[in-house]
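Number of protein chains: 2
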Amino acid sequence: MKKERRQFIKKAGIGAAAVGAGLATQVAPAFAKSKKFKWKMVTTWPPHFPMLGEGADKLAQWVEEMSDGRLKISVYGGGELVPPLGGFDAVSQGTVQMGHGAAYYWAGKAPAAQFFAAVPFGFNAQSMNAWILSGGGMKLWEEVYAPFNVKPFLAGNTGVQAGGWFNKEINSIADYKGLKMRIPGLGGKVVAKAGGNAVLVAGGEIYTNLDRGVIDATEWVGPYHDKKMGFYKAAKYYYWPGWHEPGTALEMIVGKKAWMSLPKDLQAIVETAAYRSNMWMLSEFEAKNNAALEELVNKHHVQVKQFPKSVLKDLKKLSKQVLDELAAKDPMSKKVYAHFLNFQKNMNAWNKLTEEQYQTFKYL
Amino acid sequence: MKKERRQFIKKAGIGAAAVGAGLATQVAPAFAKSKKFKWKMVTTWPPHFPMLGEGADKLAQWVEEMSDGRLKISVYGGGELVPPLGGFDAVSQGTVQMGHGAAYYWAGKAPAAQFFAAVPFGFNAQSMNAWILSGGGMKLWEEVYAPFNVKPFLAGNTGVQAGGWFNKEINSIADYKGLKMRIPGLGGKVVAKAGGNAVLVAGGEIYTNLDRGVIDATEWVGPYHDKKMGFYKAAKYYYWPGWHEPGTALEMIVGKKAWMSLPKDLQAIVETAAYRSNMWMLSEFEAKNNAALEELVNKHHVQVKQFPKSVLKDLKKLSKQVLDELAAKDPMSKKVYAHFLNFQKNMNAWNKLTEEQYQTFKYL
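Order-wise, the sequence lines are chains A and B. Positions in the first sequence are counted from 1; adding 88 to them yields my numbering. Positions in the second sequence are counted from 1; adding 88 to them yields my numbering.
Be careful, since some hints might not be right.
Copies of one chain are not kept apart here, so a pair can be met inside one copy or by any two copies together.
Stated by the list, open to error - Keeping only pairs whose Cα atoms sit at most 20 Å apart, straight-line, the calculated SDA-like set for lysine to any residue is: (1) Lys440 <-> Ala379; (2) Lys433 <-> Leu384; (3) Lys422 <-> Tyr451; (4) Lys124 <-> Gln149; (5) Lys124 <-> Asp156; (6) Lys352 <-> Gly157.
The set of hints was computed from the structure by calculation and includes no laboratory data.
Work out the full structure, taking the sequences as your base and the hints as a guide.
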């Protein structure tokens with residue numbers, strides 16, 4: 089404080105003689121607080137991408153409002169400053185202070201990261217929040233990112249995603265044989281185990297690939313986003329549910345050095361803004377997806393289909409194989425997986441009496 | 089700004105001549121920011137009541153951290169400053185700046201408030217959040233509280249509650265006839281319609297009433313709280329699900345004058361802290377209820393039972409009657425109810441493909 093006081097007096101350009109003790113004590117702390125931070129946040133989303141990129145924009149806006157401009161965060165779409173999937177490295181190396189995306193994008197660096205985004209037949213949004221925020225998940229997530237000097241925060245959720253757009257019907261697991269589907273991550277590994285051909289296609293090229301028959305199927309997000317992509321013009325069937333992403337968590341990441349440079353009040357502001365983003369995003373998804381789905385069905389005559397239970401059962405079996413293999417290869421994944429499974433067991437028992445029953449109210 | 093500058097100069101006790109223009113411009117905003125607020129928050133909960141009162145404590149703590157002590161909120165348990173159900177009036181009249189509780193406690197003043205806490209066979213936590221935050225619900229809630237100069241914020245959710253503790257089995261709706269049950273609010277009205285005797289008993293007296301047979305049944309919250317109340321020693325059956333409170337929202341309320349007195353940054357801090365509280369509380373409930381339930385079953389040999397579908401069906405029919413009557417009597421309730429029903433219709437369609445399917449994963 090004393091140093092700051094001296095600096096204040098120096099910067100203010102007034103001699104000690106002109107400054108009463110009362111003035112200095114009153115003003116110095118306020119002045120110290122006025123230190124301004126300008127941060128950059130890189131995201132995995134196209135600039136201002138609905139809901140997901142918007143969530144990042146809003147997060148920055150809330151931080152600026154709460155800090156009264158003391159922390160200004162410039163948000164960059166994927167590719168504007170670093171490539172869309174270059175965000176983790178950029179934050180890790182301190183090139184930028186923050187990132188916004190989803191943990192499964194960093195599977196190549198930290199395979200266990202995938203548990204904190206989406207696991208096939210894993211958690212929905214509510215259980216994901218409970219696991220990470222109150223069930224011990226956050227400690228594990230921090231452990232997974234610690235070697236990279238990156239600090240994770242929960243900052244959004246898509247809710248249960250769609251199963252995807254298909255140009256052939258899925259009546260049994262055998263229908264996956266030879267199916268060329270755009271599906272990344274663990275879901276893709278499951279489709280591959282089912283005999284499918286899981287391919288990666290950049291967002292901007294999916295529609296053309298689907299339309300030209302280069303791929304037979306694709307998953308993306310849910311009705312609100314899928315409608316904008318125009319997939320209904322290139323595929324017959326819209327399958328449900330998104331077993332591969334039943335509640336995808338989004339993340340905000342902050343570089344350790346940047347985090348440590350913030351005073352405690354700004355740390356609390358950044359963390360709390362992430363929570364707000366988490367809640368805002370899920371609520372937007374839940375409130376807007378159904379209207380988009382109705383438009384797809386009523387205006388664009390999309391055929392909504394559900395995966396047969398037998399297919400889901402087979403896919404779940406294959407998902408377990410994929411996760412077991414992941415755990416066998418990577419000790420950190422093994423540790424996180426065990427914790428995840430235990431929490432899942434509890435949530436299953438709990439949901440049986442609560443949320444599962446709630447879902448039957450509409451049929452009474 | 090100019091006025092603040094003058095005030096600063098005056099308060100700092102230095103004459104204009106001694107102050108360089110550079111000093112005044114640099115310091116005045118920082119000084120204006122250092123204005124400190126001391127607020128009181130009254131709650132409907134016993135002091136530091138697990139999860140619910142804790143949520144209020146944490147909310148205050150987060151605001152203090154984020155504002156670096158510029159806004160200090162002292163939290164009072166129900167009865168410490170005003171009676172537990174006197175909070176709304178105290179905030180409305182400006183006696184205190186803030187409150188924490190649940191909107192249905194104010195049904196006597198504003199019947200429509202009940203929609204923003206819990207409706208029998210109404211929303212679960214996820215849909216409640218979506219409705220209020222992204223579906224237009226908040227605008228209506230603000231309208232309901234506006235005549236009282238009170239501003240509402242979403243600040244917690246219990247998730248699906250328990251159906252309650254019973255000393256007789258519920259096999260058909262006829263079993264409600266003459267049943268003396270502690271169940272307040274809209275749920276109580278439904279039980280009354282079923283021929284039951286819905287009574288109000290203060291929290292501290294429920295156990296004794298149940299133990300002595302003064303009442304045959306009681307609802308409370310969920311396993312974590314019910315275990316602490318010792319109900320398992322006084323009742324045989326623990327019924328599920330809590331059809332009367334499938335996702336009870338908690339609120340933070342702020343008096344209009346107090347709210348307007350805050351600078352914009354502190355307003356953003358208070359609002360964002362409420363979001364964090366909302367998410368924290370639900371996650372705590374979800375993460376901790378099952379362990380408590382397991383203890384009740386395995387250690388205390390509680391008999392967990394589910395209401396038969398036929399009973400739930402009848403209760404749902406009666407709930408509709410109760411809500412229709414509420415809407416017929418009160419124009420604001422009618423307006424909110426119509427909006428609520430429309431959102432519910434959409435959520436039902438959406439959940440059919442998403443969360444409902446998710447709840448079947450565990451059986452695959």
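Hint check:
| no. | hint | verdict |
| --- | --- | --- |
| 1 | Lys440 <-> Ala379 | between (29 Å within a copy, 14 Å between copies) |
| 2 | Lys433 <-> Leu384 | between (36 Å within a copy, 17 Å between copies) |
| 3 | Lys422 <-> Tyr451 | neither (40 Å within a copy, 24 Å between copies) |
| 4 | Lys124 <-> Gln149 | within (15 Å within a copy, 24 Å between copies) |
| 5 | Lys124 <-> Asp156 | both (10 Å within a copy, 15 Å between copies) |
| 6 | Lys352 <-> Gly157 | both (16 Å within a copy, 11 Å between copies) |
Hint compliance for this structure: hint 3 alone is broken.
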